[in-house]
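J.: Chains as they are written, first to last, in the numbering used here: chain A, 1 to 784; chain B, 785 to 1076.
Wrong hints could be hidden among the right ones.
[Claimed, not checked] Derived PhoX-like pairs (lysine-lysine); straight-line CA-CA distance at most 20 angstroms:
| id | chain 1 | residue 1 | chain 2 | residue 2 |
| --- | --- | --- | --- | --- |
| 1 | B | K827 | A | K645 |
| 2 | A | K429 | A | K399 |
| 3 | A | K777 | B | K943 |
| 4 | A | K777 | B | K1046 |
| 5 | B | K1046 | A | K770 |
| 6 | A | K429 | A | K654 |
| 7 | A | K426 | A | K671 |
| 8 | B | K943 | B | K812 |
| 9 | B | K1029 | A | K645 |
| 10 | A | K316 | A | K303 |
| 11 | A | K691 | B | K1046 |
Just so you know, the hints here were simulated from the structure itself, not pulled from any lab data.
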Amino acid sequence: MDAFQYIGKSVVKVDGREKVSGAALFTEDIEFGSDLLYAEVVEGSHAHAMINSIDISEAMKVPEVLSIVTGKDFPYNFGLYMNDRYIFAQDRIRFFGEQIAVVIARTPQAAKKAAQLVRVNYTPLPKVLNPLDAIAAGAEIIHPDLGQYAHVPWFFPEAGTNIAHHRKIRKGEVDKGFEDADYILEDTYEVPRYSHCAIEYHAAVAKYDHSGRLTVWASSQSPNTQRNLFAKALAPLGIRHNDIRVIAPHVGGGFGSKAGVTMEIMAAAIAIKVQGHPVKIMWNREREFYNTYQRLGVVAKLKIGVKKDGTITALKHDLYWDAGAYVEYAANVVNAVGLSAIGPYNIRNVSIDSYCIYTNLPPGGPYRGFGYSEFLFGLESHITRIASHLGIDAVEMRKKNMIKEGDLTAYGAHMNPNGLSEAITKVAKEIQWNKKDRSSDPNLAVGKGFALFWKAPAMPPNASSSCFLKFNEDASINLLVSGVDIGQGFLTVMAQIAAEILTVPTSKIRTENPDTDRNPYEWQTVASHVTWGCGNAVRNAAIDARDQIFSLVSRSKFLPIEDLFLEDEKVKCKTQPSFELRLRDFIIQGIQMGDGTFRGGPIIGRGIFMPEFTSTNADPDTSQGGHPNVHYTVGAAAVTIQIDKQTGRMNILKVVEAVDVGKAINPDLIKGQIIGGLLQGISTVLYEEMKFDHRGKMLNPNFTDYKIPTALDIPDEIVPIIIEVNQPDGPFGARGMGEHPMIPVAPMIANAIEDALGIRIKSMPITAEKLCLEILKTNPKTPQ
Amino acid sequence: MAIPYEFAYEKPQNLEMAVKLLGKYGKKARLLAGGTDLANQMKQGFRVPGIIIDIKGIHEMEEIKMDGNELHIGSLATFNDLLSSRLIKENVNILHEAAGLVASNGVRNRATMVGNICSAVACMDSATPLMVHEAVIHTLSTRGGNSYRIQDWFVDNRKTAIQDDEIVTHVSIPLPAARYAGAYQKLMRYSGEDLSQANVSVLMLGEKQFSVAFGSVGPIPKRSLKIEHLLNEEGISEGSISRAKNMIDSVIAPITDVRATKEYRMHMSKVMFERALLAARERYNKPRVFFK
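Chain A on its own, in the form it takes in the complex (with noise of 0.2 angstroms):
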């Protein structure tokens, strides 16, 4: 029993009647008139090349074409975390479909038509596709320039290699750890790329009027971020912050590829060559899969040593990234990984390295899960291939070693409060671990894995939320935030936090997407962050505003402020319980006293919030000192799998997931986080493949045969779980939990593989195709 209105209450999204009504506007949706003129993008054809001319005569005389764009006109680079990026390729480029240039017509078609008349020039360069070729001795060098890139302080590029990055972790004596071990198991595995496969595709309109004021409205995660780095990228051009408006319609889906920069910043620079009319940039499908972020792809090489008992005494993890062709955004996957990638248990010994690695292929960048999927396909399926090995449960072996409230991670940080325990045990319950089913049918194999998971926000150590909270004169509220809502009921929620503290019910706060003129400062929404970042600004200004309604009914109807409460948007006493107060008569009007005058004004609060206790000062060469992390959300997951022996498909019979969400702010958005998360996990291993030719030129960008599952192929039975232990800095308790659902699915997955086949797969993705094929070498007399 709690005493909560409107926390803990799955209160309808507050956004969802207009996205159903399809009142909705998309940044594709938006009406910009007859002035509004088109561009297309010219694309680069080599993996790696040095542009030596690009012609364009012939494109400049189809009709209705204004301006064509090229790397001399923004000579300039950015990037979120490092300068590694250009707007346009400058003097090579260094993937398959890199940006050289930009046509801008009246029509899309005219811009179509002269962007395939652009000619470019090229001397191709060796071009390498691999992480472990990149590192290798004498490989082509991508960026001759890293040394001279700007960097935040935490990134070790290794100028004069392909090593943007190199996070490092030593802790507690490794070798001696080994040494102490009764049984080390050491192997490799391998994780692909992925792309994110939001349903709306990038979009980016941007106006630079004559006043010199730039407007962007864009499909984004990101609004603040983005005005940010468009500032300082177009600062040569004498724009500033407040000159950019960056308005961030609804978004059909981000996981991550609307987060940073990728596109967006065509639009904003190209804008500045037609003056006075909006200009716009629309992504395809196909260039949504090569042409914004993908998930990294890494080889990781793990060495884990044991006693007898199961105990952890030393591990070893070595990830080598394939972070692509530009890593401003990648390098801090790289070195999120690099800190966590013990993943949750206690370990005493560690050795991490986590390298980021220039290939000539998309750049890596942010993707839901942040690299956590990626180290723990390895990590989990070890944990169980340890037990197997030992003859010690799977679950058990998982309770004996894992992290603790208080324990320390890799870094030296103390573990925060967390429900680790009670998400393994109600899971395993659920699943029934330790009950052995089988099909009837002999070409059936049934099997189960298990999976713990955890990861912390990758931030700044200073992101930071705000929040404007103003009243109406009915006491409706309109909530100005900047996180933005990809679906995953981020207003909803920040609706609730404000309606609890000030009893307006969230059906009378409306909460919007954000536009960066109306709305205060948010970092971006990535990170899992902004239920707790936010949710904590929120709560801050709706403490400021009833302060301010608590001191102003005080002084004017001279009651006790510590007497005072707030109940069905009404100010009471708790000493005069004849005493109530409509906040609608006096929240904007003010209190009238006895003489005519009044007291008061509109209420607006305010508030912030930004981590004060995080720091990345630390020795590079071991990770211990600072308190990278703001916290971490743990849980398990199991799943009960069933396989055609002859054809290797794979059917998900039952799913099981818990997670330590703090505080479920709202119940059924968390079950759609759990449920969305599980589908998004479960399609990048059972179908999700990325093919690239020996050029580098992607093979597959389409859903033709690029893969995600659609409602067919959802599995029979899922159960999400909700586990509360508080978080103490959090808003109600809550803690962020939106990318963690599809982190553990992989390696649930391969360990299920084992249990019904005794087939261990260390490679990514596991279609039907590749385990028939595994299932055949195996056993070659397995009937066809």
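Got chain A sorted already, so can you dock chain B onto it with the hints?
T.: Leaving out everything else, chain B in the frame of chain A:
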């Protein structure tokens, strides 16, 4: 996505006008029925027709009907028309089964079966059901009517025997007088819409009479008289299935591409052949199910 070039467009209201237009423009023209292939090809620039002849207004070509002991499927019949047709379900269940696995519901609402065999892409679903049923393709041109046996229709990947001035009016399927049942198996990467990586149609016409065809495992669909002969000699037994499966190695020639390896296609063609054969027998031995 914009189509960055100009083309002419005509929408004839009857077959005669369509035939005349096609006679006039020949190779320069493309017929538009469902358009699910054509529109994509034009957007991607694979095909740049000078004129589109939109035949969607020729309603007589929408029909699915019995014509004596032949089933007549008009060129404008979509896959969802096939799916909702009692005639198809009762008489050529194998085609019904294949139609249900074509793409997604939205595409099935537009895409036509005849368009599928005219595009003649190796991954098409309709070919093997029509092959085991020995369907006939009927065309019309200013030179008059013409017909092709299905086994003569497919020439190469994306290439059929049709002449530039011919328009397919319908496909006819002769219905056997005696009991028969068939089954279709398709290799897909998941349960959602997918292009066939391999498919098999088996038609059982008697205890020792079979028709078998393999799709997506070569440039054109392949009926195997060799396997049929074996089954027609021996009927269905563990031994005959095993021997027939071994024959498949020499019957089909799958390739490795972005969708599947040749090894998996070969293996799955064998698995699916067996499953289709057993499913066809089960249906053959069961009384037929009719719509109420």
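J.: Next step is simple, just say for each hint if it's right about the structure.
T.: These are the hints, each one checked on the structure:
1. B:K827 with A:K645: At roughly 41 angstroms apart (the allowed maximum being 20 angstroms), K645 of chain A and K827 of chain B break the hint.
2. A:K429 with A:K399: holds, 14 angstroms
3. A:K777 with B:K943: The hint is violated at about 37 angstroms.
4. A:K777 with B:K1046: Holds. K777 of chain A to K1046 of chain B sits at ~15 angstroms (cutoff 20 angstroms).
5. B:K1046 with A:K770: holds, 12 angstroms
6. A:K429 with A:K654: The hint holds at about 13 angstroms.
7. A:K426 with A:K671: holds, 16 angstroms
8. B:K943 with B:K812: With Cα atoms ~16 angstroms apart, K943 of chain B and K812 of chain B stay inside 20 angstroms; holds.
9. B:K1029 with A:K645: This hinted pair holds, its Cα atoms lying about 17 angstroms apart.
10. A:K316 with A:K303: holds, 5 angstroms
11. A:K691 with B:K1046: holds, 17 angstroms
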